[in-house]
Amino acid sequence: MQLFPCPFCGPRDETEFHYGGDAGNIRPDGADVPIDRWANYLYLRSNPKGAAREIWVHMNCGEFFVMERDTVTHKVLSSAALDGEHVA
Amino acid sequence: MTASRLATGGSAIDRSRPIRFSFDGATVHGFAGDTIASALLAGDVAVVGRSFKYHRPRGIWGAGVEEPNALVDIGGPRATPNTRATTEPARDGLVAKSVNATPNALTDRNAFLDRFARFIPAAFYYKTFMWPDWHRFEPRIRAMAGLGTVDADWTSPGTADQINHHCDVLVVGAGPAGLAAARLASGAGLTVTLVDDQQSPGGSLGHRAGEIDGKPAAVWVKETIDELAVGGHLILPSTTAFGIYDHNLAGLNQRHFNGRPDTLWRVRPRQIVLAAGAIERPLPFANNDLPGILSADAALAYLRRHAVLVGRRIVVATNNDSAYEVAGALAEVGAEVRLVDIRRDGMPAAPANVPLVKGRSLASASGKLRVDGVTLDDGTRFDADCVLVSGGWTPTIHLFGQARGKLAWSEARAAFLPGDPVDGIAVVGAAAGAVSLSDVFTGAGPAFAPLGQTKAPLPRSTGPEATGGILPAWPILGSKGRIWIDYQNDVTVKDVELAARENFVSVEHLKRYTTLGMATDQGKTSNLPGLALMAGITGRTVPEVGTTTYRPPFTPVPLASFAGARVGELMAPVRRLPLENVHRSSGAVFQEYGGWLRPAHYGGYADAERSIADEARRARQSVALFDGSTLGKIEVIGPQAAAFVDFLYYNTMSTLKPGRCRYGFMLSENGVVFDDGVLVRLDEHRFVVSCSSSHVSAVHARLEEWRQDRFGRGAVYIHNATAEMATLTVSGPNSRKLLETLGLGLSLDDADLPHMAIGHGSYAGDEVRVARVSFTGDRSYEISIRADRAEPLWAQLRQAGQAFDAVVIGLEALMILRAEKGFIVIGKDTDGTTLPRDLGVDGPRVKRQTEFVGRRSLFTEEASCDNRMQLVGLAVPQGEAPLPTGAHGIKRIDGRLRSQGFVTSSYQSPTLGRPVALGLIERGATRHGETIDTQHLGKISKATITAPCAFDPAGDRLHA
Amino acid sequence: MTRRYSALSLFKEGLAGQTGWQPAWRSPEPKPSYDAIVIGGGGHGLATAYYLAKNHNIARVAVLEKGWIGGGNTGRNTTVVRSNYYYPESVELYGLAHRLYEGLAKDLNYNVMLSQRGMVNLCHSTAEMEIGARTVNAMQINGIDAELFSPDDVRRVAPIYNFSPDARFPVFGGIWQGRAGTARHDAVAWGYARAASRLGVDIIQNCEITDFIIEGGRCRGVQTSRGAIRAERIGMAVAGHSSVLAAKAGFRLPINSYALQACVSEPVKPILDTVVLSPGCGVYVSQSDKGEIVIGGGLDRVPSYAQRGNLPTLETVIAGLLEMFPIFGQLKLMRQWAGIVDVVPDSSPIIGESPLPGLFLNCGWGTGGFKAIPAGGTLLANLLASGKHNDISRPFDLDRFASGRLIDEAAGSGIAH
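Protein chains in written order, with our numbering: chain A, 191 to 278; chain B, 872 to 1831; chain C, 64 to 480.
Some clues are possibly wrong.
As the list claims (entries may be wrong) - Chain B residues, not near chain A, derived (Cβ > 10 Å throughout):
# : residue
1 : D1039
2 : Y1116
3 : P1510
4 : A1572
As the list claims (entries may be wrong) - Below are the DSS-like pairs computed for lysine-lysine, each with C-alpha atoms no more than 27 Å apart in a straight line:
#  : chain 1 : residue 1 : chain 2 : residue 2
5  : B       : K1608     : B       : K1699
6  : A       : K265      : A       : K239
7  : C       : K311      : B       : K998
8  : B       : K1229     : B       : K968
9  : B       : K998      : B       : K1351
10 : B       : K998      : C       : K94
11 : C       : K129      : B       : K1277
12 : C       : K129      : C       : K311
13 : B       : K1351     : C       : K169
14 : B       : K998      : C       : K75
15 : C       : K94       : A       : K265
16 : C       : K332      : B       : K968
17 : A       : K265      : C       : K129
18 : A       : K239      : C       : K75
19 : C       : K129      : C       : K94
20 : A       : K265      : B       : K1699
21 : A       : K239      : C       : K129
22 : C       : K75       : C       : K169
23 : B       : K1239     : A       : K239
24 : C       : K117      : B       : K998
What the hints contain is simulated information worked out from the structure, not anything from laboratory work. Note that beta-carbon positions come from the ideal geometry of N, C-alpha and C, so glycine has one too.
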């Protein structure tokens, strides 16, 4: 059982969280976005082995946040609210 | 008789409480405090089971968790197959049976297999049974497999407790190292949890000599435990730490022995101190698997704890100092003991009355169902009724390995020791390679150093100290005879040689190819000798070969412990309606739909189909009442609410006027229709999203995600009011008349409350919202009211409804009504590829100028192709039964049968008197009128493609 | 030296003390160049090498394995072999694999113990039965054996199932595939390795890729922990680590890596004959020929490259198992572990040339790669030999993500991979 630090609720069990994808995956708007760019946004992932920067949501409080962690050791490096104001 | 119970002694047993139990049908006598194994030994039962493959006779080897041989099936109400006899307390009346033996361990009829051993070496099955076919052989081989037997009549004794626990220091093992560490941690003001897999604490101090702080070891153990207990620390005997998981979560298996299921502890300590001791290894010699050959340390434990003398003429064979104490102790109680040490020098002095043979090892043991003697490598033979061996000690560092600790090879100890430290874990005592009590205590000092300074003094060893001299005695290539490495799985030196010969030299290949270490003991005694042998064969060092991955659990853990209370409904709780009990008293038959328990129908007839048809027919005639409370009601509030719903919906929603409703789709970013429903605009900045019952959480999550990701906290606020509000639906030609009797205080005039509009009223002082939306195609009103006030409203609707011959309908009837109208259910009439266009709603894609979820995906190559599956109605020839849902449209293309789509919903319409069906059919929208073949379970029938709506296509009844 | 495996050779070797067996595969030093390189010595990689040699006569092939062959997901899965798929594209792919499995023991001269004792995917509601019918009909139309089971049928093949009327997930029926079953996972890897090695393929273990050699925009070889190795065509079949190699080659994939756990009970005498999957309980289970109850469930919640089990998912899976088979409440867990799987948005594999010309992909099998090994090998071998797709591999190209032509079995049939 991993402990993830919700910026709003503190350390909580991993079962309360849901993975939301890569941080910084910006959505391109428009019906005429080049299809490759759209497909990249929709599907391509960096999926790093090691340090990762990801979006997570704490389902209990409903807040999304950015968490940095290591995908091999499972060490959590940091977590912060989307606006960067709350840090855990 | 060779093994026997001594007249006195035995620290663990209570001679005033004799017990009796049965093993393989024979009565065994023992005392309270005996394990099954100690009682069997006391009764001189040599053969307690059979090995997995060759059905060799197996006797008790050890006295703890490492036991590879002595597994028994415990019968009775708490049947547990494959129970280790060495750790299971003997209970009065217990029924134990040997495993893998028919009819019993002594006379197993499959014992003949051993005579064919040369033809069935490791992995033989990969080389044969291919002709004519494996299926010819498999059933018989399968029938041979397995150890214990599952009791088919077993019933659960109740759910297992699961306890979450926090502490500063978790100490695993209550031997000298663990007790010292616990005491020191307590002295530092830390909270300690101390666990030990034995019933009483002390570890090796329970049977090995020692004097601590000037007191006998037993006294020191008791004082230390008392001190910890008084200090409020948690002490858990009979508890095994079986795993260390992410972020230092330790899993413990606590046993109770009183009929209660074991307890699972999830412990989150700041520091784990592993003081799990070490496990004695066997020595390699031919027939070293015979019953009567035991771990030397185990023999000492049986002697001192259970007063069991394991033999009368005993050969103790060793390569290290630890067996000397054993030999001395056995000689002291009158056994004829002979000590054989492979070392020529550097060993301790031989104990009194024990002849010592130096520089010799055992070449072989003899005997049939139990050992009767040994032959040394110089040919000397000694008769013996028991052979005790000590091949050295393997530190119990499994948990350290699970926590990804790297191991370091110690030549001096001939063992892997903990290598670089792991955050949050300290390894102490014999597990860290300490031998003397002084070393054990010194090593325990820093175990929790990161957490604080202790005020407690370090214990001092004041008695004789154990020494750790050892000369490695690994199995070697080309040894004569059959030398066992893995007793349970029958892996011998020759099997390891074969693996090496065939290039299975990686330690993981060795394990998998020979099954070495894969038995229920997980190789606690066999892994190291096996990989040392492989190292020798391949000219590598032991650390070069390395160990296999340490995997939880350390010892087998009941499956029931992991399930805990998640049994039956608690395994996956259903959602329930506020009015469930009211519906039950009305005879509702409940079914689960998308996680909700809802009335399927109200069971007026014994035959469900007839009840449903009756409800659907009557609903069209006058008025139907339906509990639609599961419908999602998510409020979207804020200055950007209109822009927000525009982005979330496929349809433009911002043009909706306050007080009005609009039907629309929500798409996924891949363009697929994810949900449909009606959006209500309450006022300029306030909307209510109605979504499908089963999608409420998912829709809510999406709204939150987009709100936070794109719109921001100040722009929109989202509130899921689904559970707070009950929604009662009144539908049918007389619905308005029925509503008028309620006096809700709002105008029901069609000019004031037209179709797709909402009104506000009150009922018994509570605000109600009335929405004129329809899922039946008839004039309908959805009344939403506080969930806790819905019951009187429902009661009054039913009461007043009697005058209109109102019918209460379940979900099944509603499904018929909506299918008659061609209204879809997302996920039933659509699949994970359905785009809005496929449902005939292409306008927004073409016309919308503003961004919305999924937009770009509606313009891909696939979205634009012309052979998409499209929503249609399907009619059957006159007089035929409804098409089976799930039937496919078929067509033969280039001689091959191809699916043309499938039936998604299909019912007999009681109103129309004929079947109605919906389906997704390739290019279906352009094929109305075409008759196609359908196939269901091999049966072909005809269907004609129609428009989806089969009833009141003009929609007149909405206003009637 | 004994080359061929048979009852007779085993008997002769028995008389001779089993001393005449040859290495199952050679372990040569890597050569500086090959006609083709296959990265990854799991089932898919070894099968690719075997079929390159066998089907295409290309035997100057190296399989480069970071650790020991068969040590990734090939040796960590729950060994189910089936082809109960919905879409024709999937049926072509998994159907090919299934057929090849049926002849694999003889083809490789290695008993992979394909045990076709059938598999039932349970349906727990009327709605699931309707989807079940849709799936069975699709399978039958596509030429795959399938039956729609009634509760009584389920009772016949799995009598110890929880048929109690108040079971959390009552049985309404199921989807039965009689040809489904299990195979011995390690044997598949070793059998392919042995057969490929016989045909001249070099299997290089402990050989980690450190970089790709890219010249003129094409992949022309790899840098490894054992030196540079060149080839004009390179295939990768490194499930779980596809993104890691892709990053070295300079592109990203539509993949997230997750741990998939499995566990076994202690071995018991035969009690469960078929593979049983309950979508409601989130568990699939079978009993191995050794007697262990082999238990699998859903993915872990957290993307990860850590090949280790954990408690939350295990607890959920075991709770589901005991709901299916309450009498397993008397059994004990013996071992739990995890493999790292490639999770793709549509849960279908990716087979085809990568964005780096000369480098070909076999990845994205999610939780279901084992059953596809013979097909994955056949198709990647074909790509490496010809540089072109055949009809079976074409739909699985990486380009489907831009075209929108996804093959999402879960979307179509509700059967998770």
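Here's how the hints hold up against the structure:
1. D1039: Check passes; 16 Å lies beyond 10 Å.
2. Y1116: For Y1116/B, whose nearest Cβ neighbour in chain A is about 6 Å away, the distance does not exceed 10 Å, so it is violated.
3. P1510: For P1510/B, whose nearest Cβ neighbour in chain A is about 18 Å away, the distance exceeds 10 Å, so it holds.
4. A1572: violated, 7 Å
5. K1608/B / K1699/B: violated, 34 Å
6. K265/A / K239/A: Satisfied, since the Cα-Cα distance of roughly 13 Å is no more than 27 Å.
7. K311/C / K998/B: violated, 40 Å
8. K1229/B / K968/B: At roughly 41 Å apart (the allowed maximum being 27 Å), K968/B and K1229/B break the hint.
9. K998/B / K1351/B: holds, 25 Å
10. K998/B / K94/C: violated, 31 Å
11. K129/C / K1277/B: holds, 19 Å
12. K129/C / K311/C: holds, 15 Å
13. K1351/B / K169/C: Violated - the C-alpha atoms of K169/C and K1351/B are around 36 Å apart, more than 27 Å.
14. K998/B / K75/C: Within the cut-off at roughly 12 Å; holds.
15. K94/C / K265/A: violated, 40 Å
16. K332/C / K968/B: Measuring from Cα to Cα gives roughly 14 Å; hence the hint holds.
17. K265/A / K129/C: Holds, at roughly 25 Å.
18. K239/A / K75/C: The hint is violated at about 50 Å.
19. K129/C / K94/C: Roughly 16 Å separates the two Cα atoms, so the pair holds.
20. K265/A / K1699/B: violated, 42 Å
21. K239/A / K129/C: holds, 15 Å
22. K75/C / K169/C: holds, 20 Å
23. K1239/B / K239/A: This hinted pair is violated, its Cα atoms lying about 56 Å apart.
24. K117/C / K998/B: Holds, because 21 Å separates the two Cα atoms, which is no more than 27 Å.
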